[in-house]
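Peer 1: Here is how the chains run, residue by residue.
There are 2 protein chains.
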Amino acid sequence: MESRALEKFELIEIGRVKNDHLEQIPDDYKEKISKIEIHKRYEDALLGIEKNSHISVMCWFDRSERDIQRVHPMADDSNPLTGVFATRAPVRPNPISYTVCELVDREENNLCVKGLDALNETPVIDIKSYKRYDINDPKFPDWAREE
Amino acid sequence: MESRALEKFELIEIGRVKNDHLEQIPDDYKEKISKIEIHKRYEDALLGIEKNSHISVMCWFDRSERDIQRVHPMADDSNPLTGVFATRAPVRPNPISYTVCELVDREENNLCVKGLDALNETPVIDIKSYKRYDINDPKFPDWAREE
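Residue numbers (our numbering), protein chains in the order written: chain Y, 1 to 147; chain D, 1 to 147.
Hints are computed from structural coordinates only; laboratory data are not their basis.
The structure displayed is predicted, hence computed values, not measured ones.
Hints may be right or wrong, so weigh each one.
What the hints assert, rightly or not - Just the calculated beta-carbon pair ranges, DEER-fashion: (1) Y:135 x D:67: 31 to 41 Å; (2) D:50 x Y:77: 21 to 31 Å; (3) Y:32 x D:136: 13 to 23 Å; (4) Y:63 x D:6: 13 to 23 Å; (5) Y:63 x D:105: 31 to 41 Å.
Said to hold, decoys possible - Dumping the calculated BS3-like pairs for lysine-lysine here, alpha-carbon to alpha-carbon at most 25 Å: (6) Y:114 x Y:51; (7) D:32 x Y:139; (8) D:40 x D:51; (9) Y:51 x D:35; (10) Y:35 x Y:131; (11) D:131 x D:32; (12) D:139 x Y:35; (13) D:8 x D:30; (14) D:131 x Y:114; (15) Y:18 x Y:8; (16) Y:32 x Y:18; (17) Y:139 x D:30; (18) D:35 x D:18; (19) D:35 x Y:8; (20) Y:139 x D:131; (21) D:32 x Y:131; (22) D:8 x Y:18; (23) Y:131 x D:131; (24) Y:139 x D:114; (25) D:51 x D:18; (26) D:40 x Y:131; (27) Y:8 x D:8; (28) Y:35 x D:32; (29) Y:139 x D:8; (30) Y:8 x D:40; (31) Y:139 x D:35; (32) Y:131 x Y:51; (33) Y:114 x D:139; (34) Y:30 x D:131; (35) D:30 x D:139; (36) D:131 x Y:51.
For every residue, glycine included, the Cβ atom is placed at its ideal position computed from N, Cα and C.
So here's chain Y without its partners, still in its complex pose:
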């Protein structure tokens, strides 16, 4: 069934994160400001973004392991071993992050955002508008209730 090779795709960075998170993400990252420098060649893709109070930021976590398939969520050994696809852990086969941030300011190709859980110099690979999902009574595993 899997004799064929899995397909691969080429991502290109569209910007870079600039912040004070040099070694690790601070616990209070939700209150922290980051700058996203969108590369000039992609500035046209920002037209009108300032009309949104929130945006979804996708990064490529280039310092994350790609060959770990199971973790104790939230780096807490008392949480049950869980597949990374059932978590939002940074380790995963394709280390893509997805975080909704407040869009505080835009100046030309620079976005100022609040609440980004990424290290300084992390490549940014996509930005999307924020989408609300009205989901009644979603079910989560016990460990995720406080996430």
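Based on these hints, arrange chain D on the given structure of chain Y.
Peer 2: Relative to chain Y, chain D alone:
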């Protein structure tokens, strides 16, 4: 400033979408069932996923244009020209989708989901748990109110 080449990264498909959306996404896709076949080598990463009622599915839209930076959102010419980073249009430099779906069933490496806006045979590149954001009074452009 941008004399250096932008960095590139290699994505690998972790699964495939199987559904009846052969040519286009149906208007009522939110009610439609899709199967996601996770490749066997990534099955370990699914441990415990069935404890979630909803999951976030990320696909690589391999049939989407990558060199379009501005669109009329929702393919409606009466909506103002908008940068793709201010939308969720499938066309974008890195054609990654992000959709929260109901997880209807899991059997081994196969997930049955409801509400996936992807065509048959689209590569899947990541799955994450669903995360709620409690955002008070988010601001959107006028065209996005009904999205």
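Peer 1: Taking the hints in turn, state whether each one holds.
Peer 2: Evaluated hints:
For residue 135 of chain Y paired with residue 67 of chain D, a C-beta distance near 35 Å keeps the hint of 31 to 41 Å intact. For the pair residue 50 of chain D and residue 77 of chain Y, the supplied restraint of 21 to 31 Å holds, since their beta-carbon distance comes to about 22 Å. At about 19 Å, the beta-carbon gap between residue 32 of chain Y and residue 136 of chain D stays in the expected band of 13 to 23 Å. The given range of 13 to 23 Å is respected by residue 63 of chain Y and residue 6 of chain D, whose C-beta atoms sit roughly 18 Å from each other.
Between residue 63 of chain Y and residue 105 of chain D the C-beta distance comes to about 36 Å, which sits within the given range of 31 to 41 Å. A C-alpha spacing of about 16 Å is found between residue 114 of chain Y and residue 51 of chain Y, which places the hinted pair at or below 25 Å, so the restraint holds. With a C-alpha separation of about 20 Å, the suggested pair residue 32 of chain D and residue 139 of chain Y falls inside the 25 Å cut-off, and the hint holds. A distance of roughly 20 Å separates the Cα atoms of residue 40 of chain D and residue 51 of chain D; the hinted pair therefore holds under the 25 Å criterion.
Annotation: proposed proximity of residue 51 of chain Y to residue 35 of chain D is violated, straight-line Cα distance about 36 Å (limit 25 Å). Straight-line distance between C-alpha atoms of residue 35 of chain Y and residue 131 of chain Y comes to about 22 Å, which keeps the hinted pair within the 25 Å bound. Restraint check: the Cα-Cα separation between residue 131 of chain D and residue 32 of chain D comes to about 22 Å, which is no more than 25 Å; the hinted pair holds. Note on residue 139 of chain D and residue 35 of chain Y: the hinted pairing holds, with a Cα-Cα distance of about 20 Å set against a maximum of 25 Å.
For the hint linking residue 8 of chain D to residue 30 of chain D, the alpha-carbon distance of about 33 Å lies beyond 25 Å, and the restraint is violated. Of the pairs offered as hints, the one joining residue 131 of chain D and residue 114 of chain Y holds, with about 17 Å between alpha carbons and a cut-off of 25 Å not exceeded. Between the alpha carbons of residue 18 of chain Y and residue 8 of chain Y the distance comes to roughly 29 Å, so the proposed pair goes past 25 Å and is violated. A distance of roughly 12 Å separates the Cα atoms of residue 32 of chain Y and residue 18 of chain Y; the hinted pair therefore holds under the 25 Å criterion.
For the suggested pair residue 139 of chain Y and residue 30 of chain D, the alpha carbons sit about 19 Å apart, so the restraint of at most 25 Å is met. Proposed proximity of residue 35 of chain D and residue 18 of chain D is supported: the alpha carbons are some 5 Å apart, at most 25 Å. For the hint pairing residue 35 of chain D with residue 8 of chain Y, the CA-to-CA distance comes to about 21 Å; that is within 25 Å, so the pair holds. Between residue 139 of chain Y and residue 131 of chain D the CA atoms are separated by roughly 11 Å; this keeps the pair inside 25 Å, and the hint holds.
Simply put, residue 32 of chain D and residue 131 of chain Y have alpha-carbon atoms about 20 Å apart, close enough for the 25 Å limit, and the pair holds. Proximity of residue 8 of chain D to residue 18 of chain Y is assessed by CA-CA distance (about 19 Å); at most 25 Å being required, the pair is judged to hold. Restraint check for residue 131 of chain Y and residue 131 of chain D: satisfied, since their Cα atoms lie roughly 12 Å apart, inside the 25 Å limit. Distance hint between residue 139 of chain Y and residue 114 of chain D is fulfilled; the C-alpha atoms sit about 15 Å from each other, no more than 25 Å.
As the CA atoms of residue 51 of chain D and residue 18 of chain D are separated by approximately 23 Å, the hinted pair is consistent with the 25 Å bound. Restraint check for residue 40 of chain D and residue 131 of chain Y: not satisfied, since their Cα atoms lie roughly 32 Å apart, outside the 25 Å limit. Note on residue 8 of chain Y and residue 8 of chain D: the hinted pairing holds, with a Cα-Cα distance of about 12 Å set against a maximum of 25 Å. Our distance criterion of 25 Å between C-alpha atoms is broken by residue 35 of chain Y and residue 32 of chain D, whose separation comes to about 39 Å.
The straight-line distance between the Cα atoms of residue 139 of chain Y and residue 8 of chain D is roughly 37 Å, outside the 25 Å bound, and the hint therefore fails. About 16 Å separates the Cα atoms of residue 8 of chain Y and residue 40 of chain D, which keeps this hinted pair within 25 Å; it holds. Annotation: proposed proximity of residue 139 of chain Y to residue 35 of chain D holds, straight-line Cα distance about 20 Å (limit 25 Å). This hinted pair checks out: residue 131 of chain Y and residue 51 of chain Y have alpha carbons roughly 14 Å apart, not beyond 25 Å.
Among the hinted pairs, residue 114 of chain Y with residue 139 of chain D is consistent with the structure: their alpha-carbon atoms are about 15 Å apart, no more than 25 Å. For the suggested pair residue 30 of chain Y and residue 131 of chain D, the alpha carbons sit about 14 Å apart, so the restraint of at most 25 Å is met. Restraint check: the Cα-Cα separation between residue 30 of chain D and residue 139 of chain D comes to about 24 Å, which is no more than 25 Å; the hinted pair holds. Straight-line distance between C-alpha atoms of residue 131 of chain D and residue 51 of chain Y comes to about 24 Å, which keeps the hinted pair within the 25 Å bound.
In this structure, the earlier hints numbered 9, 13, 15, 26, 28 and 29 are contradicted, and the remaining ones agree with it.
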